[in-house]
Amino acid sequence: MLIQVKKYMVFPSSTLIRYQSLHKGRLSMKITNLDITPKIRMNMEGAENVQKQIPISSQDGSPSYAFRVFTIEPEGHTPYHAHAFEHLNYVIEGDGAVVMATGEERPVKKGDFVLVLPGEKHQYKNTSPSSPFVMICAVPKEYE
Numbered sequence: 001m002l003i004q005v006k007k008y009m010v011f012p013s014s015t016l017i018r019y020q021s022l023h024k025g026r027l028s029m030k031i032t033n034l035d036i037t038p039k040i041r042m043n044m045e046g047a048e049n050v051q052k053q054i055p056i057s058s059q060d061g062s063p064s065y066a067f068r069v070f071t072i073e074p075e076g077h078t079p080y081h082a083h084a085f086e087h088l089n090y091v092i093e094g095d096g097a098v099v100m101a102t103g104e105e106r107p108v109k110k111g112d113f114v115l116v117l118p119g120e121k122h123q124y125k126n127t128s129p130s131s132p133f134v135m136i137c138a139v140p141k142e143y144e
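The numbering used here numbers the first residue of the sequence shown as 1 and each following residue consecutively.
Where hints are given, some of them may not hold.
Stated by the list, open to error - Restricting the straight-line Cα-Cα distance to at most 25 Å, the calculated cross-link-like pairs of lysine to any residue (SDA-like) are: (1) 52 with 136; (2) 141 with 113; (3) 121 with 99; (4) 39 with 62; (5) 141 with 85; (6) 121 with 45; (7) 109 with 132; (8) 110 with 76; (9) 52 with 100; (10) 141 with 43.
If you're looking for bench data, these hints aren't it; they were derived computationally from the structure.
Taking the hints into account, I'd like the entire structure generated from these sequences.
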């Protein structure tokens with residue numbers, strides 16, 4: 001059964017009920033800005049000059065995914081690692097490289113998308129000597 005909430009919003013009834021129960025009987029939306037999202041230095045072994053921001057997560061009521069934003073300073077990099085979940089990346093600023101499971105480095109720049117599959121080794125590097133490399137990383141909420 002479909003329920004029409006507003007003239008332009010139609011949901012399967014089970015989806016609407018699930019969201020209403022998560023939000024105390026009402027639908028809610030979060031609007032935020034990266035400029036007010038705290039930056040946390042990434043202390044993971046193998047990370048160099050990386051900061052993380054989490055503008056949207058399960059703490060905001062997101063039922064499935066979280067957005068993380070990584071800022072990699074010049075000559076910085078994430079660890080070379082793999083994990084059990086996929087993540088979707090979108091470069092919003094700068095020039096960098098993604099190190100593939102084969103060790104090959106592929107250039108990435110503003111506007112590029114990258115899909116990292118579960119178990120796939122990878123690393124992001126900032127290849128600029130003077131500008132930050134910034135990317136959005138969407139992950140399942142269990143891995144915020």
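For this session: Kindly indicate which numbered hints from before are broken by the structure, ordering the numbers from low to high.
Result: Per hint list: zero violations.
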